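Heads up: the protein sequence lines correspond to chains A and B, in order.
Start counting the first sequence at 1; every next residue gets the next number (the working numbering).
Start counting the second sequence at 1001; every next residue gets the next number (the working numbering).
Just so you know, the hints here were simulated from the structure itself, not pulled from any lab data.
Any given hint might turn out to be false.
[Stated by the list, open to error] For lysine-lysine, the following DSS-like pairs were computed, each having C-alpha atoms within a straight-line distance of at most 30 Å:
no., chain 1, residue 1, chain 2, residue 2
1, A, 22, B, 1011
2, A, 57, A, 98
3, A, 68, A, 108
4, B, 1057, A, 42
5, A, 42, B, 1011
6, B, 1011, A, 98
7, B, 1057, A, 108
In this text, all values refer to a predicted model and were calculated from it rather than measured experimentally.
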Amino acid sequence: GENVEQHPSTLSVQEGDSAVIKCTYSDSASNYFPWYKQELGKRPQLIIDIRSNVGEKKDQRIAVTLNKTAKHFSLHITETQPEDSAVYFCAIFSGTYKYIFGTGTRLKVLA
Amino acid sequence: DAGITQSPRYKITETGRQVTLMCHQTWSHSYMFWYRQDLGHGLRLIYYSAAADITDKGEVPDGYVVSRSKTENFPLTLESATRSQTSVYFCASSADRGNQPQHFGDGTRLSIL
Chain A
1 GENVEQHPST LSVQEGDSAV IKCTYSDSAS NYFPWYKQEL GKRPQLIIDI
51 RSNVGEKKDQ RIAVTLNKTA KHFSLHITET QPEDSAVYFC AIFSGTYKYI
101 FGTGTRLKVL A
Chain B
1001 DAGITQSPRY KITETGRQVT LMCHQTWSHS YMFWYRQDLG HGLRLIYYSA
1051 AADITDKGEV PDGYVVSRSK TENFPLTLES ATRSQTSVYF CASSADRGNQ
1101 PQHFGDGTRL SIL
């Protein structure tokens, strides 16, 4: 069936270092891949997204890469700051017209 | 995003009771969604709606009922609440089901005793 695996489940980095979170999916018909950031007790908020006809997208310190052949996509955060600490979720829009979310990565940026 | 609001923010009820969670959006988005969020499971889709009077099941629909008589409202009802339905519930909307981002409400934290 459709699923999204997200790794790692927790990630600790020193302030200023980079963080990478990876998601793999099984549905080759998926064509939209958003990333959400959720701070404690808050709503998930979109931080970046990518569509299947694009391999990479950047927005300041955040980038997403997509490898459709291998069916994985990754979130890259450079020059991490304490305010980047949160839970990050990947998602796919599957071929059966549903959004499926990964189980989340808790990122801690250590000052 | 102030354009989508959920109520109540917190709710405590007892097993067997009926409870309705409200969701209202002001963008006139066609699509609306209900998710539940539990530790270790991420966000799981309960029901979604493509337009007024059109709804469909998601991954975990059992025990839940939805309706959408107006585009802007998408209430979720637990007809006979069970402890396993204790969770945080998020409503979301999007302009299109496909390659458009979802905008989430602030969530409702529901505890069933």
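Evaluation of the provided hints:
1. The suggested pairing of residue 22(A) with residue 1011(B) is violated, with an alpha-carbon distance near 35 Å, which exceeds 30 Å.
2. At most 30 Å may separate the alpha-carbon atoms for a hinted pair to count; residue 57(A) and residue 98(A) meet this at roughly 23 Å.
3. Pair hint residue 68(A) plus residue 108(A) holds up; C-alpha atoms about 29 Å apart against a cutoff of 30 Å.
4. Only pairs whose Cα atoms come within 30 Å are accepted, and residue 1057(B) paired with residue 42(A) is accepted, the gap being roughly 26 Å.
5. With a C-alpha separation of about 17 Å, the suggested pairing of residue 42(A) with residue 1011(B) holds against the 30 Å cut-off.
6. Of the pairs offered as hints, the one joining residue 1011(B) and residue 98(A) holds, with about 28 Å between alpha carbons and a cut-off of 30 Å not exceeded.
7. Proximity of residue 1057(B) to residue 108(A) is assessed by CA-CA distance (about 35 Å); at most 30 Å being required, the pair is judged violated.
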